[in-house]
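Protein chains in written order, with numbering that gives the first Met the number 0: chain A, 0 to 365; chain B, 0 to 393; chain C, 0 to 535.
Read the hints as simulated data drawn from the structure, not as lab findings.
A couple of the hints might just be wrong.
[Unchecked claim] The calculated SDA-like cross-link candidates involving lysine to any residue, where the alpha carbons are at most 20 Å apart (straight line), are:
#  : chain 1 : residue 1 : chain 2 : residue 2
1  : B       : Lys321    : B       : Lys199
2  : B       : Lys183    : B       : Asp155
3  : B       : Lys276    : A       : Pro171
4  : B       : Lys360    : A       : Ile257
5  : A       : Lys167    : B       : Gly343
6  : B       : Lys176    : C       : Pro350
7  : B       : Lys317    : B       : Lys360
8  : B       : Lys258    : A       : Ile257
9  : B       : Lys199    : A       : Pro171
10 : A       : Lys167    : B       : Lys317
11 : B       : Lys176    : A       : Asn168
12 : B       : Lys274    : A       : Val243
13 : B       : Lys255    : A       : Asn168
14 : B       : Lys360    : A       : Leu170
15 : A       : Lys107    : B       : Pro138
16 : B       : Lys32     : C       : Gly411
17 : B       : Lys357    : A       : Ile257
18 : B       : Lys257    : B       : Glu269
19 : B       : Lys199    : A       : Leu170
20 : B       : Lys353    : A       : Leu166
[What the hints assert, rightly or not] A few chain B positions that, by computed beta-carbon distances, are all more than 10 Å from chain C:
#  : residue
21 : Asp31
22 : His103
23 : Arg111
24 : Ile169
25 : Lys183
26 : Trp363
27 : Val366
28 : Leu390
[What the hints assert, rightly or not] Under 8 Å between C-beta atoms, here's a sample of chain B residues computed to sit facing chain A:
#  : residue
29 : Asp26
30 : Gln125
31 : Gly126
32 : Arg141
Predicted model, so just to flag it, every value in this text is computed and none were measured.
Just so you know, even glycine gets a beta-carbon here, dropped at the ideal spot from N, CA and C.
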Amino acid sequence: MLLEKGKISNFQLSVLIVGFVFGSSVIIPPGQGAGHDAWIACALGLMEGLLIVWIFTALAKQFKDKTIVEINSLVYGKILGKCISVLFIWYLFHLGALVLNNYARFFKLEIYPATPKAVGLLLVMLVCASTVGRGIEVLARCGLILAPLTLLVAVTDTLLVIPHIDLKNLLPILDVPIRKLLFVSHGTASFPFAETVAFLMVLAFVDKPEKGPSAVSRGLLISGFIFIMVAVRNAAVLGQMGTVYNYPTYIAVQVIDIGDIFNRLEALVAINLITMGFIKISILLYGTVLGLAQVFNLRSYRPIILPVGILMVILALTNVGNTLEMLEFASKGYSIYAVPFQIGIPLITLVIAKLRKLPPKGEVNS
Amino acid sequence: MTRGQRLKIYVIILLIIIPVFLSGCWDSIQLDKLSIVSGLGWDINLDTGDVTLTYQSIVPSQIKSTSSTSGSGEQKGGGALNTIQLDHSTGSSPYDALSRYTQHGSRIPYYRHTQVFIFGKDGAEQGIYPFIDTVARNPAGRPNILMAVSEKKASDILGVQNGMESIQAIGMAEEIKLSAAFSKYPEVTFLEFANRLMSKTTAPIAPMIGIFLETGPDGKKIQKIRITGTAVFKGDSMIGQLNERESSGLLWAINKIKKGFVMIPEASLEIVRAKSKIVPELQDDKIEITIEIDEESNLIEYKGRKDLTADIVQELEKGQAKEIKSQVMAAVEKSFSLDADVFGFGDAVHRKYKNEWKNLKPMWDEVYPNIKVVVKVKTHLNEIGDVNKALMKK
Amino acid sequence: MLDLLLKKLHFQKMSNNNSKKASEQHDSPVYLSKNLEENLKILREVLGQSSDVIIRDMKIGTNLNVAAAVIYIDGLVDRDLVNHHILQPLMSDLQLIKDNVGQNHSNLIDFIKSSVLTVGQIIGTEDIDGVIANVLTGHTAILVEGVNQALLIDAKGWETRSLEEAKNELAIRGPRISFNETLRTNTALLRRIIRDPGLTFESLQVGERSKTDIAIVYIKGIIEDSLVEEIKQRLKRINTDVILDIGYIEQYIEDNPLSLFSTIGNSERPDVVAARVLEGRAAILVDGSPFALTAPMILIEGFQSVEDYYARPYFASFIRWIRFLAFVLSAFLPAIYVALMSFHQELLPTPLLITVAAAKEGIPLPVGVEAIFMIILFEILREAGLRMPRTLGQAVSIVGALVIGQSAVAAGLVGAPMVVVLATTAIASFVAPSQADLGALLRIILVSVASFMGLFGIVIISLEILSHLASLRSLGVPYLSPLAPLNIRGLKDTLVRAPLWTMDSRPEPLDSPNTRRQSPDQMPQPPKTKPNKGES
């Protein structure tokens, strides 16, 4: 498999998972829609996410060095396999466009009202493209440096906002109807936890594949706990208004004002978004171009990086009309649309693989 | 040079050129094109229903730094008279008025450093929801901005210059914060106000500001600002106010007491720490609320002219408790008479009795004045100061 | 596409030509003949009519009947050695030997080589090019009539700078010596620190016309073998006229010539080079340059100063953090200032904003332009201060820094906060002087981006820089080790400077075959059982 010669360690994998899950959830915290019970939705979503992770990491572990594209071809045969792979790649591509969309919307609203969205998106895409071109190892190393910084900022923000926290705002517990809570939890699982299914294109490059599943779970748990903490904090600080604001984390951090000097720290949140968004988009872009290269048997994925990237940006700009449509899709449509990709494909492939007793023993290490 | 390296160079060149062409300076604004609005006032003309907004903006050229190289010998501290300027614009809705600013200003108004929103009493009584909506929606509306109501017109308040701060709105904000720190009147940020507004039962509050005359060092009368009460809203309209005593009582009940003083006939005490809890009890559709207050204080003024003994200390503690309780009850009575749940009793009941709340909520206006309120106060006198005997006996 | 192809072919052709020219000289070695006159004729032709080429004819042997010649270049040789240890033995001592060794001339040369000349290094050669090349580097050649072999004696001795204090890498504690321009002196300095037999100096000559002596320094048994091979390969590949300074070597062998970041370290201090070689790196010394190269290099090395290791850990760690902070400040501060002032005024605390707005009032230029202008001015001043003749240097710094800055503010051309920002940046950039150049470049890039896209631009470009750094390798070692890939043990010398007694092993990425460098129990402790003096 000459397309990617790099290898990443399990620790780097966990870190990448954390970065990926944070992605655009830095400013769109999971659990929206459940009001001040968002943290419960997060916890439940985390559990569901772990289940889904268990499924697809089992698949990756079964086929040690192979990306999902290669697995599909093995399990379903060349033609059907490639069709399914194309569907999966479409999911990654579309997801990348959605993330870019979230990104652009936030910046346009809060920070750069006059600049056209295309500018920011293209700049981000250029950096992502050049990083993807350098290979998965470089991406992992960047993640190693960026993710801990983001964690540090998230924890620091929470500590600084303690004077404004009123835990009474979290009461009463389970205020939302159970059906809504479960629906929101499933939504949290789909965005962002189960989106880690994108790593089916990356798990092939881990140097110790047996430990892969636990590395992914570890990353998920860490980011999950941070989200729960953030959900608690946002609800405690913002009270009822937390359900009304589009970007509660950003507003919650605006409240920090210590000694007239430590205020206006919300810039850190925006920076976090840029860095974590960079990681998420890079992974999605990587998955897309690597997958396309594998489907079409290209010698290298590097020439198609920039074109695919620009197409992603175009899709992001033209896809959704305005924020309201986006919110509708995100809260209602996405959790259903994502299920076949996040659960369906990995689960069915795993089942068929087990039934067909694939991969054959001799072919494990190619 | 291999092809890969050549390509890298092209990409780098692209990376450098693209921002130059694509990005122009759409969002770049130089500071001297901005007019930093430090305070925003809202008044409603009762006859026409028009909204008049008053902008207090900072005039940077009048702010003198300590060592000016353009030594024109101006003295600092003479009360920087010209550091702010006032502008007014009128329109049929808040944003209509906001947009007319461009007709008389040379700079773009910048609201992200606004310190305080002032609502004229008349305007407040009409309902300020459109304004709240705009502030929440607009990214420039930060949650920390303080809310206040003025006794007469907001534009008057924003024009009053004197104080030690060079920017009047900053001074006003500091004054509000100070009075809250000394537990006299509440300090209400936009976020808190909006939260109370969103809760269907709790009444929003805001400090009230008035103008009074002070005789200056040269004998002339100067205008100064003073905080005079707490405005009480129902929904987004103001319906009444709490006086000084009632405001203190309110603060005692909602756990907003920080520093401050308790005055009783025999002594004055300095509050060290205070905590309060609102505990609702629901029995057969009857609501009983217990307000539990726990307070620690130091003795700072004793008028009794006796030597201090443990008994006297106990008496003082009891006296304090009585005073605090009466302040709280005064606030409770006033809120009953206004039928405005300023304490958040409704929310407390909601938190504890989730299921019953569904029935109570729509009837809260009737239920509220009939709530039985019990105030339990525990006080501790910690320190008696530097002396323990009377300096002069009776 | 087509012109890319053409250019490549053209480039190929050019490099072919060059290598041909270089090898032409050595295609057919010219040998010495037995006739002295013939040899001398060829030598005089090639070496030209330079007045410093000394060809000393003489007659030697018991009967003073054998013609011989000593050839050397005046100025390159140690005259004392030539006169007393070459000419004297040849001319007078040889006479005294009664044995008629003079009869068989080839024996004569062997005899001279083995028993007559009281010098250290002698080699024999039959190749005229060898004679010429060596004489040009400071050897003395002896030719004898009737023998087609020449003796070459290393008689180098020329004026060199005495060993001086290191001017660019200063340390308060620690030795003050720096390398000088003579290769042998430098190798001696290293020998004095590392007295291990494994310390190896492999020499090469690089440069067609300069034939510069280069020594690759490493410790056999500590360094990974493929590293040495790789360096040798790269050095052998260099095919150019002259190597004027070690900087040339660096630019010809580095891994990433197009990157802003250098992947080969350098130093002018023997103790630093010794420390790095002992960790498993290789060093390169070049005759004529007082600096040494060390490879592989990782990013952190630019922030480690020699002082760190001679001071105690707490202070050393603190200073290291100050150094990081200073570098980050010097690169980012102007850009952040520009971004905040032009785009993100809401991020400044209100009192600060008011002060800054007051200062900005009346300044005609936008902040971005102001900043770029001031940065360029600063670089001009810095460069002028460096290049200006010493006598005028003081005037420039005083005039430049104080007067221009102050006047610019007074004239209202530049805001006072801008000057403060820039002064801080300037001072901060010298905390890690080896990175000052890098800082200057980064600063300009960041300020330009900041003036176009604000904080977003700064972060994006920083991401790109990070991504680039993550992809750099220096001789196979990832540039961002030990942060990424994460290596916990390596962190002991990165963010903090852990106490010396904890640094038990050599850095992992260097893959040394011998990783233990001290025993694990080195933490000093007071003796346990001795009671204090005052107690019984």
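Inset, instruction - Find the nearest Cβ of chain C to the Cβ of Ile169 of chain B and say whether that gap is larger than 10 Å. - result: violated (7 Å)
Inset, instruction - With 10 Å as the threshold, tell me whether Trp363 of chain B passes as away from chain C on beta-carbon distances. - result: Trp363 of chain B clear of chain C: closest Cβ-Cβ about 39 Å, beyond 10 Å.
Inset, instruction - Compare the distance between the alpha carbons of Lys32 of chain B and Gly411 of chain C with 20 Å, and conclude whether the hinted pair is satisfied. - result: At roughly 17 Å apart (the allowed maximum being 20 Å), Gly411 of chain C and Lys32 of chain B satisfy the hint.
Legend entry - Satisfaction of hint between Leu166 of chain A and Lys353 of chain B, Cα-Cα up to 20 Å: holds (17 Å)
Inset, instruction - Please work out if Lys360 of chain B and Ile257 of chain A have their alpha carbons no farther apart than 20 Å. - result: Roughly 37 Å separates the two Cα atoms, so the pair is violated.
Inset, instruction - Grab the minimum beta-carbon distance between His103 of chain B and chain C and tell me whether it stays above 10 Å. - result: holds (20 Å)
Legend entry - Per-residue hint verdict: Gln125 of chain B, partner chain A, C-beta under 8 Å: Where the cut-off is 8 Å and the nearest Cβ of chain A is about 23 Å from Gln125 of chain B, the hint is violated.
Inset, instruction - Take the C-alpha atoms of Lys176 of chain B and Pro350 of chain C, compute the straight-line distance between them, and say whether it is at most 20 Å. - result: Status holds; Cα separation ~16 Å.
Inset, instruction - Starting from Lys255 of chain B, check that the Cα of Asn168 of chain A is at most 20 Å away, please. - result: holds (16 Å)
Legend entry - Restraint status (C-alpha distance of Lys107 of chain A to Pro138 of chain B at most 20 Å): The hint holds at about 10 Å.
Legend entry - Distance restraint between Lys199 of chain B and Leu170 of chain A, which requires alpha-carbon spacing of 20 Å or less: With Cα atoms ~16 Å apart, Lys199 of chain B and Leu170 of chain A stay inside 20 Å; holds.
Legend entry - Non-interface claim for Asp31 of chain B versus chain C (Cβ beyond 10 Å): violated (6 Å)
In summary, the numbered hints that this structure violates are 1, 2, 4, 7, 10, 11, 12, 17, 21, 23, 24, 30, 31.
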